[in-house]
Amino acid sequence: DTASANALDDYEEGTWTPSLTIGGTVGYNTREGTYTKVGNLVNATFAIIINSISSLSSTVGISGFPFTSATSSAGDSSPVQFGLIRSLATDYPNIRGYVAGGNTLCSFSVQATNAGHTGLPGTAITTSTILYGSIVYNST
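In my numbering, the protein residues as written are 4 to 143.
No lab work stands behind these hints: they were computed from the structure.
Please note: incorrect hints may appear among the correct ones.
As the list claims (entries may be wrong) - Once the Cα atoms are required to be at most 20 Å apart in a straight line, the calculated EDC-like pairs of lysine to aspartate or glutamate come out as:
| # | residue 1 | residue 2 |
| --- | --- | --- |
| 1 | K40 | E15 |
| 2 | K40 | D13 |
| 3 | K40 | E16 |
| 4 | K40 | D12 |
Modelling step: build the complete structure from the supplied sequences, incorporating the hints.
Next comes the structure, spelled out in structure tokens:
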């Protein structure tokens, strides 16, 4: 269909630099991200490899996503698909990530045994932690 209403008029590819949102100091061996945006749909990938840490606190997330996520009356959030999570200080059975509406950052949560979900603690990050993942979300 060649009607103007069906024309693709918003396509973009690029790179972005992911950063851990965490109290303390983090050194990176690798910090890379790519994205493709078609209309308001964003597919973003990230690769983070840590090589140094100091005085970590609070909970872990990733900031710097290339576009602000859309909000809706339902309070939607978009889940992160992890390709690899390696070398955390503690073995967590269930790690989740999501970008809540109106944000450019991803929050991580973990499930403790029979205790529900809580934020992934900064003390879980080590000098060899690796985080690879992707997310598809609607932008504003």
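Results for each hint:
Taken as a hint, the K40 and E15 pair is honoured in the structure, with Cα atoms around 5 Å apart against an allowance of 20 Å. Between K40 and D13, the direct Cα distance comes to roughly 8 Å. Compliance with the 20 Å bound is thereby established for this hinted pair. Distance hint between K40 and E16 is fulfilled; the C-alpha atoms sit about 6 Å from each other, no more than 20 Å. A C-alpha spacing of about 11 Å is found between K40 and D12, which places the hinted pair at or below 20 Å, so the restraint holds.
Violated hints are absent here; each numbered hint is respected by the structure.
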